[in-house]
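Let the sequences and hints guide you as you build the complete structure.
Protein chains in written order, with this note's numbering: chain E, 1 to 294; chain G, 1001 to 1294; chain Z, 2001 to 2294; chain A, 3001 to 3294.
Please note: incorrect hints may appear among the correct ones.
Keeping only pairs whose Cα atoms sit at most 16 Å apart, straight-line, the calculated EDC-like set for lysine to aspartate or glutamate is [unchecked claim]:
{"no.": "1", "chain 1": "G", "residue 1": "Lys1274", "chain 2": "G", "residue 2": "Glu1290"}
{"no.": "2", "chain 1": "A", "residue 1": "Lys3276", "chain 2": "E", "residue 2": "Asp200"}
{"no.": "3", "chain 1": "G", "residue 1": "Lys1276", "chain 2": "Z", "residue 2": "Glu2290"}
{"no.": "4", "chain 1": "G", "residue 1": "Lys1242", "chain 2": "G", "residue 2": "Glu1290"}
{"no.": "5", "chain 1": "E", "residue 1": "Lys276", "chain 2": "A", "residue 2": "Glu3231"}
{"no.": "6", "chain 1": "E", "residue 1": "Lys210", "chain 2": "G", "residue 2": "Glu1054"}
{"no.": "7", "chain 1": "G", "residue 1": "Lys1210", "chain 2": "E", "residue 2": "Asp161"}
{"no.": "8", "chain 1": "A", "residue 1": "Lys3003", "chain 2": "A", "residue 2": "Asp3161"}
{"no.": "9", "chain 1": "Z", "residue 1": "Lys2133", "chain 2": "Z", "residue 2": "Asp2153"}
{"no.": "10", "chain 1": "A", "residue 1": "Lys3003", "chain 2": "A", "residue 2": "Glu3079"}
{"no.": "11", "chain 1": "Z", "residue 1": "Lys2003", "chain 2": "Z", "residue 2": "Glu2147"}
{"no.": "12", "chain 1": "G", "residue 1": "Lys1274", "chain 2": "Z", "residue 2": "Glu2290"}
{"no.": "13", "chain 1": "G", "residue 1": "Lys1003", "chain 2": "G", "residue 2": "Asp1153"}
{"no.": "14", "chain 1": "A", "residue 1": "Lys3276", "chain 2": "A", "residue 2": "Glu3290"}
{"no.": "15", "chain 1": "Z", "residue 1": "Lys2210", "chain 2": "A", "residue 2": "Asp3161"}
{"no.": "16", "chain 1": "Z", "residue 1": "Lys2276", "chain 2": "G", "residue 2": "Glu1290"}
{"no.": "17", "chain 1": "A", "residue 1": "Lys3274", "chain 2": "A", "residue 2": "Glu3290"}
{"no.": "18", "chain 1": "E", "residue 1": "Lys276", "chain 2": "E", "residue 2": "Glu290"}
{"no.": "19", "chain 1": "A", "residue 1": "Lys3132", "chain 2": "A", "residue 2": "Asp3153"}
{"no.": "20", "chain 1": "G", "residue 1": "Lys1132", "chain 2": "G", "residue 2": "Glu1147"}
{"no.": "21", "chain 1": "Z", "residue 1": "Lys2242", "chain 2": "Z", "residue 2": "Asp2069"}
{"no.": "22", "chain 1": "E", "residue 1": "Lys274", "chain 2": "A", "residue 2": "Glu3290"}
{"no.": "23", "chain 1": "Z", "residue 1": "Lys2274", "chain 2": "G", "residue 2": "Asp1161"}
{"no.": "24", "chain 1": "E", "residue 1": "Lys3", "chain 2": "E", "residue 2": "Asp161"}
{"no.": "25", "chain 1": "G", "residue 1": "Lys1003", "chain 2": "G", "residue 2": "Glu1147"}
{"no.": "26", "chain 1": "A", "residue 1": "Lys3276", "chain 2": "A", "residue 2": "Glu3231"}
{"no.": "27", "chain 1": "Z", "residue 1": "Lys2276", "chain 2": "Z", "residue 2": "Glu2231"}
{"no.": "28", "chain 1": "G", "residue 1": "Lys1242", "chain 2": "G", "residue 2": "Asp1069"}
{"no.": "29", "chain 1": "A", "residue 1": "Lys3274", "chain 2": "E", "residue 2": "Glu290"}
{"no.": "30", "chain 1": "E", "residue 1": "Lys242", "chain 2": "E", "residue 2": "Glu58"}
{"no.": "31", "chain 1": "Z", "residue 1": "Lys2132", "chain 2": "Z", "residue 2": "Asp2153"}
{"no.": "32", "chain 1": "E", "residue 1": "Lys3", "chain 2": "E", "residue 2": "Glu147"}
{"no.": "33", "chain 1": "A", "residue 1": "Lys3242", "chain 2": "A", "residue 2": "Asp3278"}
{"no.": "34", "chain 1": "A", "residue 1": "Lys3196", "chain 2": "A", "residue 2": "Glu3290"}
{"no.": "35", "chain 1": "A", "residue 1": "Lys3210", "chain 2": "Z", "residue 2": "Asp2161"}
{"no.": "36", "chain 1": "E", "residue 1": "Lys3", "chain 2": "E", "residue 2": "Glu58"}
Read the hints as simulated data drawn from the structure, not as lab findings. Please read these numbers as outputs of a predicted model, since none were measured by experiment.
4 protein chains.
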Amino acid sequence: MSKTISFIGLGNMGLPMATNLIQAGYALRVYNRTMEKGRSLADQGAVLVNTPAEAVTEGAIVITMLANDQALEEVVLGENGILARLSPGSIHLSMSTVSPATARRLAEQHEQQGAHYLAAPVFGRPDAAAAKKLWICLSGNPAAKAEVAPVLDALGQGVFDFGETPEAANVVKVAGNFLIVSAIEAMAEAFTLAEKNGIDRTQVAELFGKTLFACPIYQNYGRMIAQQQYEPAGFKLSLGLKDVTLALQTARASQMPMPLASLLHDRLMAAVAKGKGDLDWTGLASEMSEQAGG
Amino acid sequence: MSKTISFIGLGNMGLPMATNLIQAGYALRVYNRTMEKGRSLADQGAVLVNTPAEAVTEGAIVITMLANDQALEEVVLGENGILARLSPGSIHLSMSTVSPATARRLAEQHEQQGAHYLAAPVFGRPDAAAAKKLWICLSGNPAAKAEVAPVLDALGQGVFDFGETPEAANVVKVAGNFLIVSAIEAMAEAFTLAEKNGIDRTQVAELFGKTLFACPIYQNYGRMIAQQQYEPAGFKLSLGLKDVTLALQTARASQMPMPLASLLHDRLMAAVAKGKGDLDWTGLASEMSEQAGG
Amino acid sequence: MSKTISFIGLGNMGLPMATNLIQAGYALRVYNRTMEKGRSLADQGAVLVNTPAEAVTEGAIVITMLANDQALEEVVLGENGILARLSPGSIHLSMSTVSPATARRLAEQHEQQGAHYLAAPVFGRPDAAAAKKLWICLSGNPAAKAEVAPVLDALGQGVFDFGETPEAANVVKVAGNFLIVSAIEAMAEAFTLAEKNGIDRTQVAELFGKTLFACPIYQNYGRMIAQQQYEPAGFKLSLGLKDVTLALQTARASQMPMPLASLLHDRLMAAVAKGKGDLDWTGLASEMSEQAGG
Amino acid sequence: MSKTISFIGLGNMGLPMATNLIQAGYALRVYNRTMEKGRSLADQGAVLVNTPAEAVTEGAIVITMLANDQALEEVVLGENGILARLSPGSIHLSMSTVSPATARRLAEQHEQQGAHYLAAPVFGRPDAAAAKKLWICLSGNPAAKAEVAPVLDALGQGVFDFGETPEAANVVKVAGNFLIVSAIEAMAEAFTLAEKNGIDRTQVAELFGKTLFACPIYQNYGRMIAQQQYEPAGFKLSLGLKDVTLALQTARASQMPMPLASLLHDRLMAAVAKGKGDLDWTGLASEMSEQAGG
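As structure tokens, this is what we get:
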């Protein structure tokens, strides 16, 4: 009989991930706030349930893939939350991008109950999720990590293990998103400098994407920034602000400044204040264009 | 009979480039301030001369590869400089990293004499120069660009043509070095954040170098920054400061701010003021470490 | 019979303020964590009590002057806290420097009980407190403000009323401390620029203190920064970091960036990380000196 | 017979200064590019001349009060410039706000000819010039400074002597304007923070102008920033950018960063790029308002 997984959260990321788990042979018990999202999974044999708690059964690994800290805390600690149902030794594989502080606090609460909280945030967009091409950062209890290894195999192309500190993987995830916003700002300034000197933005983006920075972030985001095409949003600017804010809060708790993160925060915040929060996060580049006189 | 090239400047970059030209069948007339640097070229048939002017002969393409604006101006305009010897229609292929302002001024002076100044700065370190793996940015007179095409083929793996504005290629070169310093600072902050949270810097560098940023800048510099190994210098921090300063001066002339470049300038300047100018430019990351309490 | 005041918190500021109230004819019931601090007040007729709650009596105005948000919350909401003892219509005059968010939350909790929370943070150091020279920012319920007017007269040289929004006075206090740190950083950079050009720092401080900026902040702090005399601390650098952090958090909640506050935060944080937290906040200027090569 | 002064430059500052010199009993020979500006002086006995050189007579002190470096260099070194006419021992009292680099270079050229260049930039607006209320920064040859002392008495309310280094007074002037722009930015952020929290900007400006910062810069500029009244310009934003740029260039030459000056530069530059260069320099505050969502 196949192993059961409790899967909670069917957003743009969660749905393709859950689909991949069914196809890998797992039995799924699925909860989502709006039930319709689960239809395609039910057609493939998944059991849809009405509360997070109902998704949890003895021996199941619980996976959560939610929008933010508040949603995760509600699913874990709220009415009909999962924590009360987790028996000793059971595993909660938490794959959302949440703050290291939330991860640490939740991990403590799980341990008090004998359950394990594994932080497993991912890099990759919905198409990567569908293609099992996610990169997964992992941290937490070693035995639990060993147990979820085959599950992670069904979801991504590689796992990076950052040890036992519960929130370590979240710190790395936050650092990664900070690196991406840094590259966006750097390209925005570089391309605008070129443009103001009569050089085609797109040609500059191509040069760097083919040479010094021949990697997807610079190639794909570089094209968007060169063409000043900031809609539709693959990842919203307001979420970019949230993640850079997480980086700054983590830095503050670590007693260190992050000057570049501060700069990015302030520019993202100005963009949000001007009503650009729903643009793609590459829309940050529009701030540079404005400051150069449009 | 093989085409003659006048080659001026046998530094870490110039020497392997000149060697490649000989091997491609060009006859070289070579000038360098210290003559010994040219011995190996002489052994291969190059003619060593005593002044820049003597390197110039009728019909030759003149290539300069010098350390900075001052060295280039001296070779072009100084006593026994090349400009006075350039006959109408002749080509000066200027491959040094110099300021757009200097390039524009020199180009005008060449045109007044009927000669062509082509800006052709390169991306790549000495090993890339030796392996004919340079990336070459090119701008200037179209006919002259066509004429030097086979020469550039013997030096690099690709040419990016940025049109006729004489200094356009220099703007792109400056923008590229700014992008690199931006990535250095971003990695410094990200890795230090991880370190302060108990995570191994090297492991974080590996993750990003294999996933989001699988390109040489992040991989090679990432490793140096993770290991805090800033010597010996591949490219000196003081030169990084020079190039970011060029970016800021070009931005000022273009009437636009570059906030990230300002941040990088101030951090590089502090590093230089503290005596770190001879470190590799990845040594900028040591500033972040200091600000986090060492 | 004289009006009774419950006074809680006998730090460097609270003790001279309580003394002034006795001299103005008020009967005091006093609580401090360490009782010895109250001896001089007892000698003048004040009643010392063992818990915050005991300090509260029917009809008394309660004044709190504590170190930070945590201390205030403990005194208000903790075991033997004051809130449970406040009868309808009674007034809590909260004079500590706390975050606007804490002020708002506490104000709501007071209102639920029918009591009034008045925010009344002050500008001025201990000597100003002793000399009744404090400047007081005030916000909250109008009738309550009218009732405390004579009390405030006994403590300061002027009251600025910022309306009914409970936390308004705290926002102004935070803004004021941000202005002070801004002036410190500006002087640090200006004086260091002069020094690096062979000009005496002290002479520059005197010029500006007598002319453009003939006001105490520039005169007194200017002298300290010019002489690089950062000990003993009048106000600790770590507290300056706390207040700039409050400004940033308030700005974030207001959906606006504060770029200069971000810069100051990062520099103060670096100073704290290097072990300078117990210097006077003018010690921020030592960061500029370091970055200029010492 | 009264001492003669050659006065060059009758702008908003120069005209009232020249008038004061006549009233103090000096005989004036005056040059201005547009002659009409000198009519009122001619009515009081001044001799109007047609070139800078003609203004110079044996034994006269030459005063220049011009718009910028270029204008000063033209008057000194251009056709019919004053330098060629200065005999050994004569004094050029240069009161314009120019860069330290220009001051140093001109001073050297004067010394080569045996003449003395005194840097004497001033703080104060046209109304202060008319009221003899200027503050004068002075540097250069000691004997020459002693000789001009009575002249300076007729122009200002105080002289600050910064020694013999020719450009020292210019460094101080540049530092002073940097301090003013810093205060403008700080107030802009503080007032906007208050405003976003429902507090009246004007009331905040009044509080600080009466208490912590009871000095003209905070009082006068504070009122303008509170009321968002940035026209007409007392001192143009574009000139503020020029002066902050001078500070940064002087810092660069001194091998030190000025992070706050960099921030101010970038914000002023953005304002200029958006077409705000002719606003008063307090108009910098409009950038903060925009970034807060208007």
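We went through each hint and held it up to the structure:
| no. | hint | verdict |
| --- | --- | --- |
| 1 | G:Lys1274 with G:Glu1290 | 12 Å, holds |
| 2 | A:Lys3276 with E:Asp200 | 27 Å, violated |
| 3 | G:Lys1276 with Z:Glu2290 | 13 Å, holds |
| 4 | G:Lys1242 with G:Glu1290 | 23 Å, violated |
| 5 | E:Lys276 with A:Glu3231 | 30 Å, violated |
| 6 | E:Lys210 with G:Glu1054 | 39 Å, violated |
| 7 | G:Lys1210 with E:Asp161 | 14 Å, holds |
| 8 | A:Lys3003 with A:Asp3161 | 23 Å, violated |
| 9 | Z:Lys2133 with Z:Asp2153 | 10 Å, holds |
| 10 | A:Lys3003 with A:Glu3079 | 27 Å, violated |
| 11 | Z:Lys2003 with Z:Glu2147 | 11 Å, holds |
| 12 | G:Lys1274 with Z:Glu2290 | 8 Å, holds |
| 13 | G:Lys1003 with G:Asp1153 | 15 Å, holds |
| 14 | A:Lys3276 with A:Glu3290 | 13 Å, holds |
| 15 | Z:Lys2210 with A:Asp3161 | 14 Å, holds |
| 16 | Z:Lys2276 with G:Glu1290 | 13 Å, holds |
| 17 | A:Lys3274 with A:Glu3290 | 12 Å, holds |
| 18 | E:Lys276 with E:Glu290 | 13 Å, holds |
| 19 | A:Lys3132 with A:Asp3153 | 8 Å, holds |
| 20 | G:Lys1132 with G:Glu1147 | 19 Å, violated |
| 21 | Z:Lys2242 with Z:Asp2069 | 11 Å, holds |
| 22 | E:Lys274 with A:Glu3290 | 8 Å, holds |
| 23 | Z:Lys2274 with G:Asp1161 | 49 Å, violated |
| 24 | E:Lys3 with E:Asp161 | 23 Å, violated |
| 25 | G:Lys1003 with G:Glu1147 | 12 Å, holds |
| 26 | A:Lys3276 with A:Glu3231 | 11 Å, holds |
| 27 | Z:Lys2276 with Z:Glu2231 | 11 Å, holds |
| 28 | G:Lys1242 with G:Asp1069 | 11 Å, holds |
| 29 | A:Lys3274 with E:Glu290 | 8 Å, holds |
| 30 | E:Lys242 with E:Glu58 | 36 Å, violated |
| 31 | Z:Lys2132 with Z:Asp2153 | 8 Å, holds |
| 32 | E:Lys3 with E:Glu147 | 11 Å, holds |
| 33 | A:Lys3242 with A:Asp3278 | 13 Å, holds |
| 34 | A:Lys3196 with A:Glu3290 | 12 Å, holds |
| 35 | A:Lys3210 with Z:Asp2161 | 14 Å, holds |
| 36 | E:Lys3 with E:Glu58 | 11 Å, holds |
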